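From first to last, the protein sequence lines stand for chains W and L.
First residue of the first sequence? That's 1 in my numbering, and the numbers climb one at a time after it.
First residue of the second sequence? That's 1001 in my numbering, and the numbers climb one at a time after it.
To be clear, the hints were calculated from the coordinates, so they are not data collected in a lab.
A hint or two may mislead.
Stated by the list, open to error - The following residues of chain W were derived to be distant from chain L, with all beta-carbon distances above 10 Å:
| hint | residue |
| --- | --- |
| 1 | D173 |
| 2 | M180 |
| 3 | A196 |
| 4 | L401 |
As the list claims (entries may be wrong) - Keeping only pairs whose Cα atoms sit at most 20 Å apart, straight-line, the calculated EDC-like set for lysine to aspartate or glutamate is:
| hint | chain 1 | residue 1 | chain 2 | residue 2 |
| --- | --- | --- | --- | --- |
| 5 | L | K1076 | W | D157 |
| 6 | W | K103 | W | D28 |
| 7 | L | K1003 | W | E125 |
Note that the coordinates shown come from a computational prediction; the quantities given were computed from them, not determined experimentally.
Think of the CB as a built atom: it goes at the ideal place given N, C-alpha and C, for glycine as much as any other residue.
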Amino acid sequence: MSEKVFGKRVKRNEDARLLTGNALFVDDVHLPHMGHIAFLRSPYANARIRSVDVSKALEMEGVIAVFTAADLGDYWKPAPLLLSPPPIERLTFVERTQPPLAKDFARYVGEPVAIVVAEDRYLAEDALDLIVVDFAVRKPVVDMEQALEKDAPLVHDELGDNVAAHVIQTKGDYDAIVKMAEVVVARRFDYDRGTAAAMENRGVVAEWDALSQRMTIWDTTQAPIPIRNGLAKMLGLSENQVRVIAPFIGGGFGPKVMMFYQEEIVVPWVSMKLKRPVKWIEDRHENFYATSHERSQIHQAEIAVSKEGKILGIKDIFYHDTGAYDPYGLTDPINSQCTLLGIYEVPNYYSDFKAVFTNKIFVTPFRGAGRQHGVFVMERLLDLAAKELGMDRVEIRRRNLIPPDAFPYDNKIIYQDFAPLVYDSGNYEPVLDKAREMIGWEKFIREEQPKLRAEGKHIGIGLVTYVEGTGIGPYEGARVQVLESGKVSVVTGVGTQGQSHFTTFAQIAADQLGIDVGDVEVVTGDTDLFHWGTGTFASRGAVVAGSAVHAAALEVRQKTLNAAAAYLNADETDLELVDGQARVIGDPARAVSFGTLAEEANPLRGAVKPGTVPGLEATSYFGPERGATACGAHAMIVEVDPETMELTIHKYVVVHDCGVLINPLVVDGQIHGGVAQGVGNAFYERLAYDDWGTIQNASLRDFLLPTAQEVPAMEVGHEETPSPYNPLGMKGTGEAGAIPVGPLFASALEDALSDLADFEILEIPLSHSILWGITQAVE
Amino acid sequence: MNKKIPICVTVNGHLYEEDVEPRMLLSDFIRHQLRLKGTHVGCEHGVCGACTIQFDGEPVRSCLMLAVQADGHEIKTIEGLSADINALHPLQEGFREAHGLQCGYCTPGILMTLEPFLDENPMPTEEEIRHALSGNLCRCTGYQHIVKGVSIASEIRQQHLEDASGEGGEK
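Let the hints inform the model, and build the full structure from the sequences given.
Spelled out as structure tokens, the structure:
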């Protein structure tokens, strides 16, 4: 038998191309006669559009066309709602989605108003300056609390208020239990806006071929198939007339699964209108204004605990800033609501949120997708309760863990995938213990910290936990085929943005077919090659598409064995698949290569038996009964300079359980990257809006992404609790690293500076100056 | 304004004689006129480092220069590092070994930054590597595997040098 590669630290198939500059990204698509598009965007967050005059722009040399909302005719309509809200009783949801171009109103800075198509991008941007828009500027509403006040400016006049949704989920009876509590801690928690800032900005290239009546679109999307289906409908074409290609994508992190962005709707239409290919590539400044954001929520939360530190109940009332539109439904705030419960038994829960319209770009999932907020609230409440009780911060967590024999564990509320929030499997105490041990909790608190404090150092420790609902449905598919070259092809519908699918899917197929990982060619994100599926989001690619690859590979394995048995005149049970050939066990001379079998399975002449299906190929689909819940704990030791609030992270530990690992090297990479984004979110990345809805730091000079000097070296430990809901026991891992870093910073920084002042950190993101302000406020 | 200016520039050893508009960014010239797509653009304001190339041997941000400024100069891009996947540059090898890239978008700029760095600092410490990397943003990896990739590259590079001097000695 070939050595199994599932679970091994296999090097990546995709690297050779990426490392030599030979990988196709959307902006690399170059078509003859291609026009270049630039968007005119509203500089105002709330304005009536009285008129748009494009005549001067049209006169400019090099300009091919200019379009406004009026030119779109019947094509102008608000984009479809991507996700309806889940079936929660008494839920209210007000659907307002973004139109392709603002017509009468502009509702956020950056909302597209007009399009210029020119011979090159430089000229297109020149022509934007020649368009005259008569805006009647109105006072915007930027702050979500102000948006809920009675006389607040309205984002959508016809609604009468700015409430986008109201959802209450409960379990048990919080009001009854709170009377029994030894300690009740109630606080307000603030989480502010950030942006994913993938290194590659978004882009769309569209080519309408009038002779073949086909539309080809290259799109930086995480979900090419739904884009194809939706665009076909909008453009009045059949699905088979539209091909969407998501080639190599320079980072996704959630905002690239938002659909439909206005540009995605407009650019293909322009190509049809002009009968020539067109390209739009977002620049970084646009990315700050035109790509969805995440993360502003305000929570008023309380925890009731017993004398022993057992959680009796949690009450959380929060606002979620959804921006000017809510195309992605309620995924983010429902994730916040559900993920708050974490790895703990919470017998009584009252959670009530309002989603609020504001004059800012819409909010859709960004790595963590609302989970951060829930985890921040819960972990902070536990720290504060522990302090009140005089209890160790790890101990209070240990006392509330869901025990290993309680799975599947029903949290009795509804999750983002519309199913009850049931954790599939988990074993939380070893995760907690391992993190505690790796960070050296006991020794640090007993010996090191007192010693260092005596030397005048401000150094602290923190440890937090989280769950991550991953691998949700509905389904993905994969086609596995043995090629006549003897190699194996794996094709799936999901897009890929750096997750290593070209390798992990290859590993899954390689084990079934006895072939080298490097000889498995994986294709993702081309709707002509695979046209069923939903996309890469919710840490589900490896779990759901990976399981489909596994199922298809199993079937192809059987077909290959059958074909080989006939060819070699042997019993199938005597055969093995090794090194790209089928051979008789113990008699390796009796062997036939995959290439030969593939050729035999596709005869060019002669007769075949009735019912014969050609090729060594199978297509399978996988839809899990429900998602798989991963979990983990992060811990760190941090030193703070109390004058400058400069941080030095001495140690950062992650213990993670994402079920059975396909490739530990890849999982470590996912975790490292998640933590780096978490660090940015916790301390560096805050979008600074002014009262007029303008972002004051819309450049990478001013919006600080952490560099190699801010992101700490990490030690990663793994636990592996298999998921019962997929055949390989996998759970997703994409978002985990980013989720608990905010509360970890809060906990460790509070501890580090606790000798200076008795303060609490109740907001994220922090910064040097915010931290300094918090500590000064109490002195 | 649209009057084009002739320039001569050597890129990866090839001499190009091209006409460019005076305002054309060097990054756009490399990507869209020479069609060397391996150089990526992330911010176009000189912060992210994705578009880093070598200009007369020094790493520079091609989005902060105009194509006309390259007249008479020598440029190296990712395509000039090693295009042969069976004979990768030690940095490419190291990155592959350590999983030093995920989406790979920032990678060409990082490799262009690090090649001269390794030439000057053949055996860098982790701190030195992190400092050298601090002008290049990566949003995927958290840098840890990049740092490791550079350490591995340093070892491979040393090995190559030793092998080469060993061969030289035998002659």
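Here's how the hints hold up against the structure:
The beta carbon of W:D173 sits about 43 Å from the closest Cβ of chain L, which is more than 10 Å, so the claim that it is off the interface holds. Every CB of chain L is more than 10 Å from the CB of W:M180 (nearest about 44 Å), matching its label as outside the interface. Look at W:A196: its CB is around 8 Å from the nearest CB on chain L, not clear of 10 Å, so calling it non-interface is violated. For W:L401, the shortest C-beta to C-beta distance to chain L comes to about 28 Å, beyond the 10 Å cut-off, and the non-interface label holds.
Under the criterion of a C-alpha separation no larger than 20 Å, the hint pairing L:K1076 with W:D157 is inconsistent with the structure, at around 56 Å. For a cut-off of 20 Å, the pair hint linking W:K103 to W:D28 is broken: about 32 Å separates their Cα positions. Taking the CA atoms of L:K1003 and W:E125, the gap is about 18 Å. The hint holds against a cut of 20 Å.
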